[in-house]
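Q: Listed here are the chains, written in short residue letters.
2 protein chains.
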Amino acid sequence: MSEQKYVFFFGEEKGTLGERIKDVLGGKGAGLSQMMSAGFSVPPGFTISTDVCLLFYRSKGKLPEEYLREEQRQLEKLEKVMGKKLGDENDPLLVSVRSGAKFSMPGMMDTILNLGLNDASVAGLAARTGNERLAYDAFRRFIQMFGSVVLGVGKALFEEELLELKERKGVSQDTELDAKDLKELCTRFKEQIRREKGVEFPQDAREQLAAARDAVFRSWNNPRAVFYRKQHGIPDSLGTAVNVQAMVFGNMGATSGTGVGFTRNPSTGERKFYGEFLMNAQGEDVVAGIRTPRPVDELAGEMPEVYRELSDIVQKLEQYYKDMQDFEFTIQEGRLYILQTRTGKRTGSAAVKIAIDMQKEGLISKDEALLRVPPEALDQLLHRQIDRRQKFEVLARGLAASPGAASGAAVFTADAAVEWSREGKSVILVRNETNPDDIHGMHASEGILTSTGGMTSHAAVVARGMGKSCVAGCSAVKVNEKERSFTVGKTTVKEGDLITIDGSSGDVILGEVPTVEPKVSGEFAEFMGWADEVRRLKVRANADVPADAAQARAFGAEGIGLCRTEHMFFAEERLPVVQRMIMYAAEAKAAEREVQALASQLEKASGKEKERLEKQLSEAAERMREPMAIYKGALEELLPFQRSDFVGLFKEMEGFPVTIRTLDPPLHEFLPRREELMVELALLEERKAPSDEIESKKALLRRVNDLHEFNPMLGHRGCRLGIAFPEITEMQARAIFEAACQLAVEGKRVIPEVMIPLVGHVNEFVRQKEIVVRVAEETMARHKVKVDYLVGTMIEVPRAAITSDEIAREAQFFSFGTNDLTQMTFGFSRDDAGKFLPDYVESGVLEIDPFVTIDKKGVGGLTRWSVEKGRQARKDLKVGICGEHGGEPVTVNFCHEIGLDYVSCSPFRVPIARLSAAQAQLREAGVRESLTV
Amino acid sequence: MSEQKYVFFFGEEKGTLGERIKDVLGGKGAGLSQMMSAGFSVPPGFTISTDVCLLFYRSKGKLPEEYLREEQRQLEKLEKVMGKKLGDENDPLLVSVRSGAKFSMPGMMDTILNLGLNDASVAGLAARTGNERLAYDAFRRFIQMFGSVVLGVGKALFEEELLELKERKGVSQDTELDAKDLKELCTRFKEQIRREKGVEFPQDAREQLAAARDAVFRSWNNPRAVFYRKQHGIPDSLGTAVNVQAMVFGNMGATSGTGVGFTRNPSTGERKFYGEFLMNAQGEDVVAGIRTPRPVDELAGEMPEVYRELSDIVQKLEQYYKDMQDFEFTIQEGRLYILQTRTGKRTGSAAVKIAIDMQKEGLISKDEALLRVPPEALDQLLHRQIDRRQKFEVLARGLAASPGAASGAAVFTADAAVEWSREGKSVILVRNETNPDDIHGMHASEGILTSTGGMTSHAAVVARGMGKSCVAGCSAVKVNEKERSFTVGKTTVKEGDLITIDGSSGDVILGEVPTVEPKVSGEFAEFMGWADEVRRLKVRANADVPADAAQARAFGAEGIGLCRTEHMFFAEERLPVVQRMIMYAAEAKAAEREVQALASQLEKASGKEKERLEKQLSEAAERMREPMAIYKGALEELLPFQRSDFVGLFKEMEGFPVTIRTLDPPLHEFLPRREELMVELALLEERKAPSDEIESKKALLRRVNDLHEFNPMLGHRGCRLGIAFPEITEMQARAIFEAACQLAVEGKRVIPEVMIPLVGHVNEFVRQKEIVVRVAEETMARHKVKVDYLVGTMIEVPRAAITSDEIAREAQFFSFGTNDLTQMTFGFSRDDAGKFLPDYVESGVLEIDPFVTIDKKGVGGLTRWSVEKGRQARKDLKVGICGEHGGEPVTVNFCHEIGLDYVSCSPFRVPIARLSAAQAQLREAGVRESLTV
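Chain order of the listed sequences is G and R.
So for the first sequence, the working numbering puts the first residue at 5; every next one is plus one.
So for the second sequence, the working numbering puts the first residue at 5; every next one is plus one.
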């Protein structure tokens, strides 16, 4: 061991360890050493390297003399630098002893503060600080810490002593104890140690240090640290370093003080030193809010030298870290120490401004600037926010389902939302859950609050699409729709009562809370321009109506990745037509099948059999006539509506692809609810209503019953509808291509991409494609115009992903419907998962909510497989994602990694997706994210 | 072309073509040639090889002279053999001209019969047969066929002529036309040809033959044949052969006749020539049932020579084909011809008997015998069957969901089923669908009929488990539970009306139909023994109660692969306890979470905050007390029930593994139905019932609402319950291990395998395993006994299959739950798929119902992947299947292929699975299934 260096004074390392610095000094030690080298005045100290930890275990806890001598030399150096001595009776040096492994293991290992205090030196500290209470408080804390960490006395014993003392003094707060009390406590604590462990609390400071060091080494192998390493894949063989650092005090009198600083304004991003300080105070005092801190500018008058030094440090910090820093400082008797510096938290708008400014200042490159802004932060620039400077009480917290804050009168039905808003009032729609019936009410509301449903529930998805604030799955809110109220615990909110929801945090607040309007600067556009230059992934929007498409274009969307045609079906004038279509579709098709079966039997029949069949056939044809006419008539009525919607969408997205999905949801979503009809019918019968009224209700219930499903998510929906009712697909294809041709004739460039939903078997796709292609060719021929179009499919059923090779031979594009793919891959109903998913995430069964961020191993594994197999079968297969994940940064990064062509998300998330896509590209190219020590 | 032979007289080939025989002669031609070679007297003829077809296309329809001379020589040979000449005026040779490609393309190409008739020869035929009507009927059919197939005249034109003639004669049946009428028809048909095509019907028989041959060649490329080949992957380049064969007539007088024969009795399998015949008749006469055929024995008296020849043929056929044959024969003027022979259809019991007998006779090996019995045929040996000799009318047809026939009074509720059966009456339970509430009624019934639900619906699964007959998803049956009746079209069946269902065919029949009791012979056991010697796959049963386990053992099950513990919860005395547990579980756990949260806040708090939290904590603890006590009390009550069930199961399965699945279904399955409660509450309110009654109903509804799910299949079920309510898993584990230890102490060998359902993420499994292992170890320690046990998981969620490597590192066995895996992989709810799945299968979107036979590419692909990944992670991973597929022969074969260790199925399917497993092994070993020509 003669050659090897085991202990490093901060700053002494100076690059000699090279890449191995963290291996040897641990993360914290490396940081302290580098800061010191960079010229920041951190409280001095030294790092005992990880090698010593290994040595400690090898030597069974008895470190060699040679090493101990080296440690002794470094300690003496520290005493010299600080001008104080450990354990000194008059002016003691106090140190902290902290663990610090290569990888951060927060809270897993032990720490000891105020080391160096004993019965004698505590008096010296009291004298130097002129604060006896402070000295004895520090001492009792040290004894407590040393007692439990080093000597293994149960913490509860110390707590009991403290409690007993307070009771005896008749006080409830620790702060109410005076210096005498604390002195007594020190005595009692030492007695506890004696009683419990049969040893004396060590008065010798060197002995204290050695014992603390060994305790930290031992804590490397305590059970929770071992468990943590196992969980995080950190090798047991690394060992921990130990940092011994001088403690500094800001409460040593008039020339001492403490404060926090930001190198720029963390709210606005303005380039100006910003911060707060208190003279003759400890850091806790700033945090505790007992005294009011002063703006850091005022320090210029108080201690001009120190202020100048601080301003200088601000420059240096930014030069060194190339980012805005949040740092703590302490002035001990006129001498400035930087205790800690870290990348400063900032608002979204500050993040953008700082990134742009730093690029212009030449501190960072454009690429680095792009990596500086967390994509989610952009939400703040796009949505109204709660003014967090105000005081308010949070009533309940749900899922932050769609960002932005909104206040308004609580209403409990979609119709009430419309009425109240017509009277000019802002409303928040509160429901157990929303469904497609509620769309008009959601449009009329400022925000939506639901008690059930997760991040991809109907309410959440639609609200995000509309850019409205939404708090979903707030289970503490018990809604009573009938009585038009909700309760949270003992609080009741009635219709008309004002509430505020914050869709960025999930908070539900009683009353109206002031909010801050979003501001989008010209610099923002410039910044987004940088992102667009970098990214490879295209970004499209999910938009169902022309207004959303326009919004999406304004946010930079390069096409529509998902237009849910059925959302157009809920408009007031259309719904009755849609209902008519649905009510008669099944009847018409059943009769048609009967007719076909009879006709084919008839072909082979002869004689009497033939006559009988002919009669049956004409009867069946008669039975088919009416429902078929109603069904087809309704489709004809819907055609112009759909066509004009598509004309609007194509116009807004001229020159960009528009992906239109054919009818997807189960048909009963469009019909009255079964259980309500059952209640209505029971009441009509009970009241002996006229029999025709009862019969018609019965007939309605029968049709609704016929469409009822136990698990609609896995039922008759998606392309299964289009296969059962090809006329619906045909009508939709006609609407799409008539709209496209009409605009193409006018010379406009339209690029429709027709998307078949819920395909699980290639044959399903083939049947639907045949219809689309036939209608497309017919329509183009009729209009004498050519339109570039594609026919592709959603990949949202696991089987489709598994058989992607077969499907890609037929489909021109894939779009991953990751909502459904997640539902089916996990077997989680997004509407019901609220019952267990939050607990799963909270208790660590799942690391993430897979409806928010893609589950890379499971759902993502299927997706990756699908892309590979699909492209093997069709080289130019276009692949995108249109699930709710498409605007989530981690997922966008994953989409980039697996080689998708585009992501599609709700309009308000388009900027987030653009930035995420740029970051994914930069990460791939290996651009350094930030300077980490 | 000089060297090549283009035309082959039947039997002339004699192995010269070797393996290429089907390439050259086509399937049909090869068969005819081989039969002739083997000495069977088939009507002679020759095959024009497929090479001529290619030549025909190459030469643009003009075949070379050299070829035509070869064909001419063969025709002359045929005339010589038959002693008749084509087109002869007195005794014409008639021939059939048929296509015959290498691969069968049924009905795709053209056929012409009775070729050789013309205005002159028809008279000769009339004279020879003494039947003018017959001759002219043959002639008009020939003209019609020739006209449409060769000359391209529309069929409808001939049909119209026929219709017009019948109208004119005032008759409705073709058979009412006499020889004169038919003669007139021939004239009119020829006129039609002249008018339509401007050509004369060719009188020259050689010309007819050439034209017919060319028409068959052309039909190789007709659109439906091309489409068929594309669909079935048959290369276009193969071409078709043409078979020209002498037509023989059994109606040429007293020494002519026709019949069908079986080499053994197809009903019983008895080794005795069995058949029927008619003298002076054509084959159609036997089929049409106008005359009653006579037992073939009687032919011995009639024509002893022929009978002897036939008996000889029976021997030869079995020697040649090594299987029971079903053959058609015709005697033309004393000369016997075999027209066709094929493997004879037989009943299940005949299949077993024949296989065993043939093995004993030395005709086939044991292995071949095993391959001779279709596994599904064993059902007939195990279940009561409808006596198909009886006449009855089928009212409707549903899915053949659980085999066997049953008759009884229709009842519409489970309670009614119990009442009626207590009175000693047989009942059939008729429901829209069944649910766990109905179990007692299903037990009391002979069979179950449902109008919705598929092959894996509740009714189907439970009925199969019970070995009861079930017809499911019979959508023609409209059930009105309230009025206790169902209708099919205009027929109404009321409570008490007798019906019969056949779960083997899906038939629903009005009234009682005689049935045949199953018979299981000693030979059957011997046969199953052969299967057991061969198979590698183990076969277990799905059984929930000791009686089922005993049944399963009797059928040869080697353990239990799935015990659904929740099925035990529905027993009369247990359900209220289960309901109590469920009602309070959620409330108790919610309160517990609150208590825990407060306790952890309290740890960090001090002062006033601490006091406040202490108060809150004691309130929350008070709130938790009652529901927690009720919840845990209910679990304690359930424990002895479960334990005694397991004791029973372990006893029945001593020495064999018993796989017990922890609680799986969504909890609301055990509660009253939500919509019914809503109706009840509305009525109580309408009737102004006492407010306490209303309030208690409301409270009940509230709890049921809390548990309500939109998609219960994807909701809070499976291990998600065990994670939310670990006390339930703990109780079940205690019951299992207390039962196991109790028996182990008595010296019995028990092998429990605890199975965690619906795992999607390895962490879910880990959490549940921890509980099971802890309880197991504690219990064994308490009983001072060691029990071999495993803890494993169902693989039924796609994500589990995808991440099988992670899961196998923790789980000791996998059991594929292919019902759920199919549901989620396809996104098909098994309860709702009845709305579209039958149409999917019928219209060919899917080839199979994936709930019946495993979908090899999708679900099977996942399964294969899972087995591979699982075994990579854990070499000795035990892998089985316990879905409904586990007893389906094709699936069992697949399970063998992918290397599973065992299959598990309902007890009544165990013999089927045993045989299927043996067949899979034999196929893998390349044992020839049967002789095909």
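In short, the hints are calculated from the structure, not lab data.
Hints are supplied without guarantee of correctness; some may be wrong.
Note that the list lumps identical chains together, so a pair holds whenever it fits in one copy or between two copies.
Claimed, not checked - In the DSBU-like style, the derived pairs of lysine-lysine whose C-alpha atoms are separated by at most 30 angstroms in a straight line are:
id	residue 1	residue 2
1	326	349
2	619	860
3	320	81
4	608	349
5	494	636
6	486	702
It should be emphasised that the depicted structure is a prediction, and the values quoted were computed from it without experimental measurement.
Q: Find the hints from earlier in the document that the structure breaks and name them by number, from lowest to highest.
A: 2
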